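Participant: Read off the chains here:
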Amino acid sequence: MQFKQRLMIVLLMSAIVLVGCAPTTSIVGTQENSQATATGNAAQPPRNITLEFWNFADFATGPGGELVQQFIDEYEAANPGVTVELVGKPDTEIEAGVIAGASAGELPDVFANAYNSGYAVSNAGAVKDVSEWWDALPEDYRSQFSLAAVEALQRDGKMYGVPYTLYSTVLYRNLTVLREAGIDPDAEIKDWDDWMSQMQKVSEAGYTALPNYTLDGWLVLHYLGGVEGVQNGVENGKWTVTTEQLAKAYAFLKSARQYGTDISPFDASATDLFITDKLAFYSMGPWANPTFAEAAANNALDYDYVLIPGETANHAGGVHGGEFLAITPGPHAEEAFKFAAFLADKTQMTRFAAALGRANFNAAAMADPTVAENPLIKLTGESAAQGMNDAAYFVPFPLSIRQPLSNYAIEAVEGRMSVEEAANGAIKEINDILASD
Amino acid sequence: MVTSTRRFRRNYLKHYLLLAPFFIFFTIFFLWPILYGLGMSVTKWDGVHQPIFVGVANYVNVIGSKGFALGISHLALFIIIAIPLGVLVALGLAIMVSRFRGFWYNFFQGAYFLPFVVPVFLAAVIWRWMFTPDYGIINVGLRLIGVERVRWLNDPNFMIPALVIVDLWRAAGFNVILLLAGIKAIPKDYYEAAHVDGATPWQEAIYITIPLLEPILFLVIVNAFISVFQIFDTPWLLSRSDYNTQGGPGRGMLFPVMDIMGRAFGSQKFGEAAAYAMILLAITLVVTLIQFALRRRLRSNR
Numbered sequence: 000m001q002f003k004q005r006l007m008i009v010l011l012m013s014a015i016v017l018v019g020c021a022p023t024t025s026i027v028g029t030q031e032n033s034q035a036t037a038t039g040n041a042a043q044p045p046r047n048i049t050l051e052f053w054n055f056a057d058f059a060t061g062p063g064g065e066l067v068q069q070f071i072d073e074y075e076a077a078n079p080g081v082t083v084e085l086v087g088k089p090d091t092e093i094e095a096g097v098i099a100g101a102s103a104g105e106l107p108d109v110f111a112n113a114y115n116s117g118y119a120v121s122n123a124g125a126v127k128d129v130s131e132w133w134d135a136l137p138e139d140y141r142s143q144f145s146l147a148a149v150e151a152l153q154r155d156g157k158m159y160g161v162p163y164t165l166y167s168t169v170l171y172r173n174l175t176v177l178r179e180a181g182i183d184p185d186a187e188i189k190d191w192d193d194w195m196s197q198m199q200k201v202s203e204a205g206y207t208a209l210p211n212y213t214l215d216g217w218l219v220l221h222y223l224g225g226v227e228g229v230q231n232g233v234e235n236g237k238w239t240v241t242t243e244q245l246a247k248a249y250a251f252l253k254s255a256r257q258y259g260t261d262i263s264p265f266d267a268s269a270t271d272l273f274i275t276d277k278l279a280f281y282s283m284g285p286w287a288n289p290t291f292a293e294a295a296a297n298n299a300l301d302y303d304y305v306l307i308p309g310e311t312a313n314h315a316g317g318v319h320g321g322e323f324l325a326i327t328p329g330p331h332a333e334e335a336f337k338f339a340a341f342l343a344d345k346t347q348m349t350r351f352a353a354a355l356g357r358a359n360f361n362a363a364a365m366a367d368p369t370v371a372e373n374p375l376i377k378l379t380g381e382s383a384a385q386g387m388n389d390a391a392y393f394v395p396f397p398l399s400i401r402q403p404l405s406n407y408a409i410e411a412v413e414g415r416m417s418v419e420e421a422a423n424g425a426i427k428e429i430n431d432i433l434a435s436d
Numbered sequence: 000m001v002t003s004t005r006r007f008r009r010n011y012l013k014h015y016l017l018l019a020p021f022f023i024f025f026t027i028f029f030l031w032p033i034l035y036g037l038g039m040s041v042t043k044w045d046g047v048h049q050p051i052f053v054g055v056a057n058y059v060n061v062i063g064s065k066g067f068a069l070g071i072s073h074l075a076l077f078i079i080i081a082i083p084l085g086v087l088v089a090l091g092l093a094i095m096v097s098r099f100r101g102f103w104y105n106f107f108q109g110a111y112f113l114p115f116v117v118p119v120f121l122a123a124v125i126w127r128w129m130f131t132p133d134y135g136i137i138n139v140g141l142r143l144i145g146v147e148r149v150r151w152l153n154d155p156n157f158m159i160p161a162l163v164i165v166d167l168w169r170a171a172g173f174n175v176i177l178l179l180a181g182i183k184a185i186p187k188d189y190y191e192a193a194h195v196d197g198a199t200p201w202q203e204a205i206y207i208t209i210p211l212l213e214p215i216l217f218l219v220i221v222n223a224f225i226s227v228f229q230i231f232d233t234p235w236l237l238s239r240s241d242y243n244t245q246g247g248p249g250r251g252m253l254f255p256v257m258d259i260m261g262r263a264f265g266s267q268k269f270g271e272a273a274a275y276a277m278i279l280l281a282i283t284l285v286v287t288l289i290q291f292a293l294r295r296r297l298r299s300n301r
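Chains as they are written, first to last, in numbering that gives the first Met the number 0: chain A, 0 to 436; chain B, 0 to 301.
Watch out, some of these pointers could steer you wrong.
[What the hints assert, rightly or not] To spell it out: a stretch of chain A is covered by chain B in this simulated footprint if at least three of its residues, at any positions, have a beta carbon under 8 Å from a beta carbon of chain B; those stretches are:
id, region
1, 96-108
2, 112-124
3, 212-224
4, 265-279
5, 401-408
[Unchecked claim] Label-pair distances were calculated between CB atoms; the ranges are:
id, chain 1, residue 1, chain 2, residue 2, range
6, A, L174, B, V221, 57 to 65 Å
7, A, D193, B, P83, 49 to 57 Å
8, B, L284, A, A292, 54 to 62 Å
9, A, T60, B, I144, 36 to 44 Å
10, A, T60, B, I282, 37 to 45 Å
11, A, D193, B, F231, 41 to 49 Å
Calculated directly from the structure, the hints in this document are not laboratory data. Just so it is clear, the structure is predicted and the values come from calculations on it, not from any experiment. Even for Gly, the Cβ is constructed at its ideal location relative to N, Cα and C.
With the hints as constraints, model all of the structure from the sequences given.
Facilitator: Right, dumping it as structure tokens:
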């Protein structure tokens, strides 16, 4: 055989082998495409891959878990030989588990993670750069996501995952309590002053206006987000929130305290008070809604949700954040990426949003008529456009800064410090934490 | 030489084999982690990148930190309140229960032990509800006797007392079982003789039960100290701690092990966390040695 012929045969065989091994990421976009993947895989030798998927607890149990499991079943059916094991964990446990697992070499294949802990998990070496696979996806697929969510995942030419879900806090209002207090629920709450006068009326009518939002730093952010011009970030190693801005939030919480209760919004007793028509206002993320919706259906709870009022009428309060699907370095990383891309695709995210009333970063899914008219998702979108982000993303920004944020809020509200002193103290301590990190 | 090896095999090998599992497990699960932690405590390590030797800097950072001062002061306060109270309550209950026979003996024994087997997370949820400022059953009860609302889990001044209540509820049952076993082992003759001499139940408890229970009481006290130094799950759940924030409002329920968790998994400062753990180990060791020395002195004086 001539050398040229031999070379041709070698090249041809190499090409066949390469085509067989080529990543199939270009066809993970839709459910239909996943079926195409299955057809393609039929000719391949049988695989036996098990992917471990750590998801947030509320998307791994109950209705959220059932839906995600349905997506998994569909993915497995379309990809013979691939099994996905769904493991539900609270968000902080995912972060800690991944960081501990990175040093021990024990990681899930794919995990849902908050953007606010993106730096910690990527710095721990637990997140694989998926830019090569992401870039290989069709433009149609990539452009379906919110650009900001994609850009937040890109650092120094790397891509740290696939955009997934988002949250933004809203204000739940018990309309029965408002009516009893002589407040017209249809009248919009313009700003903090307007809201405070409503709280006073609620209190005078013998009801409780608001739980205690000083007991946790993340809760303080609901109201700090209402201060005009506030930015939750870090610049030159310092927190970008000014003493004046934080003092305004503390002052609001101090005024609200006289009409509220000491119960933490995280406690079941707070939601129980709301459901039993004793509490007028409750700000929280969209995950609180299923409980209230169930109470509305079973116990005739009359409630709605609106934007959390801000300092002025121009700017709503609230805090928002997002989650992404991270792929860990490992032998099944490419398959894990395919699964993540499938999960975050419009088909799944539309069903996810429509069924659970939870927003996500898939803009195409959010624009789908079955989702776009969902009032809570619509409000989540409006709230996320205002308010403040829950952290600076993919930069050193320890969430432990929330501890002094809460501690000094309590000092101010209890009257042991003036709001200015408390704001000063909090910012100094937060800057110390940022410096030590 | 051969003879001595044979003699060793015949006479001693079985004893060494008997002890071997303990020494193997002790080395793997106790000694090695301590040595590894000691090594880690002198490095700056985020769990991923290469550790950097920093000498005693971690120890200096930990001891100089606000969290350390808070954690240790809470621990000291908890020891002062919870251990004497816990031992006294358990002893009182054990003496009372020991006076019952048959059904009631078994009933009270089971009833007091029940909280110990209730999962901590479940207990914490129930207690958080009961401690609720305005509507919790404890404050409702207190209001009936004229005590204004107590912010058990929101006011740092009340957070340790709240923890003592929960700890007492949980731990008393376990100690009651230990003490009841001790009381049962006391010969009946002493009580019969005391009864003949006209001793009251109080005198029986003071002059017979407590002195003869000394070995069990010592065990209960040492165990209580060691448990308190390691206290973690109950305050963690009651204060709704996570890896980023520990101890609840004003860090009023911060304890050393919680701080260690936060430093390791929240801030990825594994070196500092290890240094803190070494300090805690040293304190626990010193306190336990003092207890043994005191006991020896008390015995020799007797």
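Participant: Taking the hints in turn, state whether each one holds.
Facilitator: Now for the hints, and whether the structure bears them out:
1. Coverage of the region 96-108 of chain A by chain B holds. Counting CB-CB distances below 8 Å, 4 residues qualify, and the rule asks for three or more.
2. A count of 4 residues in the region 112-124 of chain A with a Cβ less than 8 Å from any Cβ of chain B is obtained; the coverage claim is therefore met, three being the minimum.
3. As drawn, the region 212-224 of chain A meets chain B at 4 residues by the rule of a beta-carbon pair under 8 Å; at three or more, the given contact holds.
4. With a cut-off of 8 Å between beta carbons, the region 265-279 of chain A has 5 residues touching chain B; three or more are needed, and the interface restraint holds.
5. Counting residues of the region 401-408 of chain A whose beta carbon lies closer than 8 Å to any beta carbon of chain B gives 4, which reaches the threshold of three, so the coverage claim holds.
6. For the hinted restraint 57 to 65 Å between L174 (chain A) and V221 (chain B), the CB-CB distance of approximately 59 Å keeps it satisfied.
7. Between D193 (chain A) and P83 (chain B) the C-beta distance comes to about 55 Å, which sits within the given range of 49 to 57 Å.
8. At about 55 Å, the CB distance of L284 (chain B) to A292 (chain A) agrees with the hint of 54 to 62 Å.
9. At about 42 Å, the beta-carbon gap between T60 (chain A) and I144 (chain B) stays in the expected band of 36 to 44 Å.
10. At about 41 Å, the CB distance of T60 (chain A) to I282 (chain B) agrees with the hint of 37 to 45 Å.
11. One distance hint, 41 to 49 Å for the beta-carbon pair D193 (chain A) and F231 (chain B), holds here, with the actual separation near 45 Å.
Going down the numbered hints, you'll see the structure goes against none, and every one checks out.
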